[in-house]
Structures are given as C-alpha cells and as structure tokens.
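For the sequence shown, the positions run 2 to 255 when this note's numbering is used.
To be clear, the hints were calculated from the coordinates, so they are not data collected in a lab. Bear in mind the structure is a predicted one, so any value in this text is a computation, not a measurement. Quick reminder that beta carbons are idealized off the backbone N, C-alpha and C, glycines included. Hints may contain errors.
[Said to hold, decoys possible] Calculated pairs, DSS-like style, for lysine-lysine (alpha carbon to alpha carbon, straight line, at most 27 angstroms): (1) Lys247 - Lys231; (2) Lys142 - Lys247; (3) Lys231 - Lys142.
[Unchecked claim] Label-pair ranges, simulated between beta-carbon atoms: (4) Tyr244 - Ala132: 54 to 64 angstroms; (5) Ser128 - Ala175: 19 to 29 angstroms; (6) Phe92 - Pro162: 38 to 48 angstroms.
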Amino acid sequence: MKLSIKAVALGAALLLAPLTARAVGEATTYPEVHFSFDGIFGSFDRAAAQRGLQVYKEVCSTCHSMHLLSYRNLVDLGLTPEQAGAVAASFTVTDGPNDEGAMFERPGRLADRFRRPYPNDNAARASNNGALPPDLSVITKAREGGAEYIHALLTGFRDPPPGFVMGSGMNYNAYFPGHQIAMPNILNPDQVAYGDQTPATVDQMARDVATFLTWAAEPELEQRRAMGVKIILFLIVLAGLTYALKRKIWADLH
2 MKLSIKAVAL
12 GAALLLAPLT
22 ARAVGEATTY
32 PEVHFSFDGI
42 FGSFDRAAAQ
52 RGLQVYKEVC
62 STCHSMHLLS
72 YRNLVDLGLT
82 PEQAGAVAAS
92 FTVTDGPNDE
102 GAMFERPGRL
112 ADRFRRPYPN
122 DNAARASNNG
132 ALPPDLSVIT
142 KAREGGAEYI
152 HALLTGFRDP
162 PPGFVMGSGM
172 NYNAYFPGHQ
182 IAMPNILNPD
192 QVAYGDQTPA
202 TVDQMARDVA
212 TFLTWAAEPE
222 LEQRRAMGVK
232 IILFLIVLAG
242 LTYALKRKIW
252 ADLH
C-alpha cells in the first residue's frame, strides 16, 4: 500500500510539476497568452521554438548567454545535424592555446556550448550601464511566471506614466518589478525575417522566443508528462484490480 502511495505521488509530481511551479506565489497579472506546452497534455510547437531560436540568435545573443546549452542540443529541437552545425558555425568562439601558446578564434562546432557575448561579467556590466544581463539557459524556471513572464516583459515597454521618476539609463516596463529595467525595448516589428513567412510582430517574436527558452530550460518536459500519464493510468488499473480482488476474497469468506 505504501508503495502505491509513493507511486501516486511520483506520477502526480511528474505530471504536474511545471503547473505547480507557475502557480506558486503568483502576484503579477500578465497578459493572457496561450502556449502549446500549457496543460497536462501540452507539447512544444517545434516550429515556434525554432523561430524563437532565430530571435535569440539575431537579437538576444548580443547581450545574453545560454551557457548550459550546446549547439548539438538543437538537434532535439528538430534541426538536422547540418542545420545545427550551421547555427554553431555562424558564431565565432575563442579556442586554444595553439602550438605557439596563443588563443585563437574559430567558427563554432556542434560540441561547443552557446557562445558567451562577453568574456566575463565585468565586461558585460561595462557594456550595459552597470547591469549584468542574465544567462537565459533556465530563465523560465528562474522567474515566476515562466514563459508568460518572458512574453510580458518583451511586450511590456511603455512610456512612463506622468509623475513616475525614472533612473538614469533605465527603461519603463509595465511587468518588470519596480517598472524600471536597464534592458531597452529590443523587439520591433519585422525585425527578423522568418523563413516560414510567419509575420514577425512583436507579440509573435515574444511568444516564439518564450517557447524556445522554455524548451531550453525543460527539454524533457514532454517525456516527463508522458511518464506521469502512464503511471497514473497504471495505478488506475492497479486500483481496479485490487478492488476486484478484495471483493472476491471477502465474497468467499462470507
């Protein structure tokens, strides 16, 4: 009986972990937005995630790193090894030392981790008015609201309301805590050219990059949910068999 209780708990945890994580401590109301991976049976929209990769590559990667992700991981996103290799080769990484003891630069390879835009944190702060752009590898797990927060942040830039005092070099954002953020509004209509001809509106780009970042943070999400469903179904069948066996035993005793 104790084993069954533990199995139920495991199945529920596998199935509902992403949902509970978003529900804990929710205070800020974000614009209502639907993602394909929402809900117990949700899954990643690979086309949207690949468009989000393009937005990250062309816009976000100039300031934000994703050092936990390797270019070879993009094959799991639906890219062919050749396509993933092309993404890697579009970045220049520092390698070495060579035979002369000097560092050198070369095109990225599948085995490389995503290139950092700055050599160190001090260089990053110096280039961003003293602010350190966060690594985006697990940003949707690290921020309350997950993908909804990313979408809201990227679409939440406004002119400050009358009387609101802005700090030097700061930008007003309706959904950032305190409403002042060092990051400027980085998305503009038609800023990227999607290969599938999807209109590159600000809302669409924000949705797509939020999908990509959620995949990067939880690439095993679909497998975990599938495992949870299987465990729950198994336990339902087991409970039915146990009940039938109990009735049979007690019927014979009476």
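Which numbered hints does this structure break?
2
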